[in-house]
Amino acid sequence: MMAIRELKVCLLGDTGVGKSSIVCRFVQDHFDHNISPTIGASFMTKTVPCGNELHKFLIWDTAGQERFHSLAPMYYRGSAAAVIVYDITKQDSFHTLKKWVKELKEHGPENIVMAIAGNKCDLSDIREVPLKDAKEYAESIGALVVETSAKNAINIEELFQGISRQIPPLDPHENGNNGAVKLGKQATQSSRRCC
Amino acid sequence: MCTPEERALLQLEEVFSATLARVNSLVLQPLLAAATEPSDAKDRECLQLLQQLHQSTQQLWETVEESLCSLRQRLHSPESVGLDALLLLRRPDHVLQAHKEYIEAYANCVVAQAFQKAAKKQSQYWRGRRKALRQLLSGGGAEGPVGTVLLQALRQPLTHHVQQYVLLLLRLQDTIQEDHPTRELVVRAAVVFGNLQSFAGQELDQAVATQALWPTLSTRPRDVLYSPARRLLLDSLDVPVSVTPLRAERVLLLEDALALVQGSSVHTFDLKLVWLDPGPDRRELHLLTPEEEFSFRAKDPQGQVVWQWKLTQAVCQALRGKKDFPVLGAGVDPSEAPACRCTAYTFCAEGRLFQATYEGEWCRAKPHGKGTLRWPDGRNHVGDFYQGLEHGFGIRLVPQACEDKFDCFKCHWKEGSMCGYGICEYGTDEVYKGYFREGLRHGFGVLESTPQAPQPCKYTGHWERGQKSGHGIEEDSSRGERYIGMWQADQRHGPGIMVTQAGVCYQGTFQADKIVGPGTLLSEDDSLYEGTFSRDLTLLGKGKVTFPNGFTLEGSFGGGSGKGLHTQGVLDTAALPPHPSSTSKRQLGLGAFPVESRWQGVYSPFRDFVRAGCPGELREALLGFHTQSSRELRKSQEYLCCDRSCPEDGAGSMEAVLEELLQPREPAALRQSLKKALSSSLHPLGKLLRTVMLTFQAAYAGFGANKHLQQLAQEEVRQHARDLWAAYRSLLQVALQRKGQTLEDEDAETRDLQVYSLMLPLVLPSFYSELFTLYLLLHEREDNLYGQGITNLSLFPDTKLLEFLDVQKHLWPLKDLTLTTNQRRSLVQDECFLSATECLQKIMMTVDPQEKLEVLERTHAEIQATVSRVLGREQQLPMDDLLPLLIFVVSRARIQHLGAEIHLIRDMMDPMHVGGRYDFLLTALESCFEHIQTDDMRLPPLPSHVDGGDLR
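Line by line, the protein sequences are chains A and B. Quick note on the working numbering: the first sequence kicks off at 1 and runs consecutively. Quick note on the working numbering: the second sequence kicks off at 196 and runs consecutively.
This is chain A alone, in the form it adopts within the complex:
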């Protein structure tokens, strides 16, 4: 039996950039045996193989409105990864993204994997954010970056595979317990009081 690791992933980004569309596409495109009941489009899970492990993504959506910004720490605490989404056709959403990255660096869980998704790449003719800018920024902060299209199912798989690869492998000592160590849980417990 392959070990299942639960990985909490939180979705951040302005309202309307297509955060949940990306996840819906990711979760619903492929039939998933291990799919569990989800909470609408705001909480979804999907299990993907990665090496000799299975990664079960527990994907937490957040409200993107500015007024709810202060609530975000509750959602991203204990996350193994954050997917920060912007709309390539809206420069403002890229600004917001930078604020999120800054906040995560300051208050987020240690070693959180950050993945930047420039969504709506099918609308590249009205693009406002050049890919180059995004790549340079991502490199500067050591984050993954891809341009995606939830509508056309472009780069969605790749986005999560990228995250999977960035998750550090399990400590062999902790692996002794038939491998089923919940990284998400540990991260949560160690950082619950941090906010």
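If you're looking for bench data, these hints aren't it; they were derived computationally from the structure. A portion of the hints provided could be inaccurate.
[Said to hold, decoys possible] Dumping the calculated SDA-like pairs for lysine to any residue here, alpha-carbon to alpha-carbon at most 20 Å:
| no. | chain 1 | residue 1 | chain 2 | residue 2 |
| --- | --- | --- | --- | --- |
| 1 | A | 151 | B | 1071 |
| 2 | B | 295 | B | 218 |
| 3 | B | 739 | B | 696 |
| 4 | B | 1004 | A | 90 |
| 5 | B | 1004 | A | 66 |
| 6 | B | 1004 | A | 16 |
Given the coordinates of chain A, assemble chain B onto it according to the supplied hints.
Relative to the frame of chain A, chain B by itself:
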């Protein structure tokens, strides 16, 4: 027709009746007449014995007359009166009894030499009567001294009479056909009188032997041992034995006692309390008595056999309280004396039992079974004994020195001292309920004084050899203090927390009841002092105060007497005000009292019990028992029965408890059976739960309801759920082992699942009120802000609120609304998302965190359903849309103390859910709660409804 035998019987009775009449007038009447007004004790005794003999002669004569009467009737009309009408056949025992009493009265006179003494006084008179006496005796024997003649005169007619009885009855028996019913009666009567014959023979022999014994003893032993009714059964002069290790030159086996005579001293042993063991050597005999053990050594094996047989007979007879005379070497084998007996004995050897009287069951010379032990000083013990010691359940009353007060110990005992669970009510009105070992408080226990006491005090915690030691809680209500922490030798020692009625609390290290070194002091206004201070909470020495606004004051403090606080130090006002939650939520005791071992004393007796395989007889030592109060006991003074309303049979027994564990164990049934077990105080699990509830209340109820203890309390609750699950598993293991099965191991994940999804919800109600109070206090500030928030939001009509929350218009559930004519849509309140709102309110209806999470899940589903209906299609709401709707629902549900609820759910939630959908939903709820507290929500755009003073 009458047989010649019957006629002979009639004649016999006629003669005997006449003889008795003559004996009376010739012998007894003169003897009595002569002995009037005796001067000394001996003569008084003689007179008494003669009077008894006279009485029994009268009775015997009446019985003979009765018998005669029945014989006459029979002979007069043999056709109408059957053979079975004869008194001899109809009531042989009645006739026998009259004879026996006569024989005994006569034998007593023989032992006391009553005839000789009386005759001596009137020798003149008797010499003149010799001739008359001679007539009473058949065939000579009337020579010799008067005394002897009198003896003969009173004895011979009876002996002869009984002999004739037997003879005639045997003859009569032969005349009756085999199968005739009366034949059986005749046979029986023949046996009865045959026995009487041998009884008379032995009784008279013993009387003669006993009479001969007394003159051979020196004065003192004789005075000690002499009684006219006492008979000698065996004398070491006849069958020699030597005694070791006690010293005795002569051993006398009397009817009711064994006497060892050495010089002028004599040592007697009650035969009821003598046990015999044949020694290894065939010449030895080992004797056990309550206070002495010794051996007889006979000259030869035959001697040993005689002593053993006689002793056994005598013991049996003493126990039966009735004489019978089997003949040595004839008839039935001597029955063995029972090992277990019931009698009373007063100990006379120095020691623990000096002058104490034990009344009850014995086995092999030791109190064993149920009994009562009373000391002359008023102490007494009623209960179970085992090999001479208190063992099992027992109640001990110990009177207080001066007053009419008792210490009452209702306990389990082991080898003479208290061990296991006990309840002790002291004369001082203190009560201890808890465990003992070797007579001392040991393990977990609660010592409580009455509320009326001048210094009411209650200790709930661990004990070691009679002293407070380990984790314990002491409440001193006169000082208004509660100490939670470590103890050693009856003193606070080690890490501890003091909570006061005023709400101030501190933590530090204690030594010999006092705090030493720096500690942490929290005042009610959330100021923090770290440093040294005195018992009366005066800051003293170096320390640092952190005020709620973030200012700090560091320096050295000193209290002038009555002049307030003096300090020299630095006040730092530069720090930013800390977040209120970090100052008001400081927790005490974190890490100071490892939760796994905090209440081990509660669980360890249970673990020992399980390790021993759950023996039924120790169940009570573990669980305690139910008895009357000591006051009732004192009143009744009837200690021999100490009933406990503890049913050993049926549902209460350990077997039944274990059996029930093996019932089907699928989740629903298991939940039910665990619920039942936990609610019964007769069940080990129920008892554990009750005990830990006591500890929980002792710590966190009353003025222990202090927010700084919340963390300690909540980890304790979870630990109890874990420990109780482990306890259930260990019981189950025993139950399976008894069936030859084994319990499959469970991995950590399964265990967590069972603990959190099964056990915790079952035990949480027992702790809920104290626990929830702590959460209320801890989250009071946020709950107040949230309360203000929802009060403000409640001023909004539904549409205004939806608009205010930026809910997208197409999601507004307006087509659900049915409006009356004079209602405008904009004024409708508490109508939108009503189903979700009502669903969410159910979160307050349960204490089970799992159920609360399920309520939350259903609330979400209701929101989804409403939205889908509005849109006319299935819509999965992303968080951007869901959160405003959820805020709407939360604000309309108006759940009190939502902050306390959320944190309690989170702390008690199965860790398996962390990161999962329940966690997500709870986080969403928490974010609503947080958001409603924000200023954003308290600036409503409807100024007309709002008091401007609230605005910042």
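Evaluation of the provided hints:
no. : hint               : result
1   : 151(A) <-> 1071(B) : 16 Å, holds
2   : 295(B) <-> 218(B)  : 18 Å, holds
3   : 739(B) <-> 696(B)  : 24 Å, violated
4   : 1004(B) <-> 90(A)  : 24 Å, violated
5   : 1004(B) <-> 66(A)  : 19 Å, holds
6   : 1004(B) <-> 16(A)  : 16 Å, holds
Hint compliance for this structure: hints 3, 4 are not met, and every other hint is.
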